[in-house]
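K.L.:
Protein chains in written order, with my numbering: chain Z, 31 to 144; chain R, 11 to 122.
Any given hint could turn out to be false.
[Unchecked claim] Over 12 Å on every C-beta distance to chain R, these chain Z residues come out as not near it, computed from the model: (1) V49; (2) E102; (3) R103; (4) T113; (5) E131.
[Claimed, not checked] Calculated pairs, DSS-like style, for lysine-lysine (alpha carbon to alpha carbon, straight line, at most 30 Å): (6) R:K66 with Z:K33; (7) Z:K43 with Z:K33; (8) Z:K43 with Z:K83; (9) Z:K33 with Z:K83; (10) Z:K87 with Z:K33; (11) Z:K48 with Z:K100; (12) Z:K33 with R:K62; (13) R:K70 with Z:K33; (14) Z:K87 with Z:K48.
Think of the hints as simulated: they come from the structure by calculation, not from any bench. A virtual CB, placed ideally from N, CA and C, is assigned to each residue, including glycine.
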Amino acid sequence: DVKVTQSSRYLVKRTGEKVFLECVQDMDHENMFWYRQDPGLGLRLIYFSYDVKMKEKGDIPEGYSVSREKKERFSLILESASTNQTSMYLCASRQSGQRQETQYFGPGTRLLVL
Amino acid sequence: GDSVTQMEGPVTLSEEAFLTINCTYTATGYPSLFWYVQYPGEGLQLLLKATKADDKGSNKGFEATYRKETTSFHLEKGSVQVSDSAVYFCALSDNTGNQFYFGTGTSLTVIP
Numbered sequence: 031d032v033k034v035t036q037s038s039r040y041l042v043k044r045t046g047e048k049v050f051l052e053c054v055q056d057m058d059h060e061n062m063f064w065y066r067q068d069p070g071l072g073l074r075l076i077y078f079s080y081d082v083k084m085k086e087k088g089d090i091p092e093g094y095s096v097s098r099e100k101k102e103r104f105s106l107i108l109e110s111a112s113t114n115q116t117s118m119y120l121c122a123s124r125q126s127g128q129r130q131e132t133q134y135f136g137p138g139t140r141l142l143v144l
Numbered sequence: 011g012d013s014v015t016q017m018e019g020p021v022t023l024s025e026e027a028f029l030t031i032n033c034t035y036t037a038t039g040y041p042s043l044f045w046y047v048q049y050p051g052e053g054l055q056l057l058l059k060a061t062k063a064d065d066k067g068s069n070k071g072f073e074a075t076y077r078k079e080t081t082s083f084h085l086e087k088g089s090v091q092v093s094d095s096a097v098y099f100c101a102l103s104d105n106t107g108n109q110f111y112f113g114t115g116t117s118l119t120v121i122p
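Bound-form chain R, shown alone:
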């Protein structure tokens, strides 16, 4: 069945460092791919998404490109800030739009 695998955490970076969180997926057909962010004590909120191959989602300096050839959707940011400290979830919506799959989450801590 469809699934999402994301990089284990936790990840600790210094402010202004480059961030990559890896996410790969298994799916049939044409899924949509998402990144969610969860700040401490809150629910998940959509960070960005991409709905077809080669699409790039971007928001708040974060980017991810839907790579069908490598079945990947890695999250990147060029210069992280302390306020980016959160848990990040990769997710997939299947071809039918009726099933949703989450990765296990990657905790990011950014230190000044």
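One chain only, chain Z, in its complex shape:
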């Protein structure tokens, strides 16, 4: 059974802290994604990665960075957390170049920035 795991389900941080959200997939997928989900706004793509050490900005990259040193792991970094980054963060992975393939999602991390 395919699996995408995220390091935390719930996280509480203070404004200005550096925050790391980790995502691991066990399917050998090339593509990995970070989204944030807010009420009324649906899913918004923050960053995605096509391969190790490759990254591309999504729709809302400001205030975030990412790291992909190994194929199975994709990290989202909030360099200096702010209250407007309070949200649900979802990681996903997918086989590249296969239009019929689905994205597989982790359970999400609900981040609260105080």
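Could you slot chain R onto chain Z? The hints should help.
P.N.:
Same frame as chain Z, but now just chain R:
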């Protein structure tokens, strides 16, 4: 560019009612179409998909047919249950397989 538009929510239905959630898309070539479901406090999971025109995806009593002539992929279920309460997302994978687009989600609440 490619995009997905889905019906605004929230939707509230009584148990055993008929459900339709509309989804239309804009795309070049031959996209694949998906419906995802998100139960409270969880990530998204694939509900069903269709990869070519006139295909019907089905799962757990839900169905959707890929209609190229109307560029639609409406989700239907004949008799909803309380356990179907969730947020439903329509999505599209473009012709190349490298881009993925989500609708904004439709919240469904089923009351006994």
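K.L.:
Output the numbers, in ascending order, of every earlier hint that fails for this structure.
P.N.:
Hint 5 is the one this structure does not satisfy, whereas the remaining hints hold.
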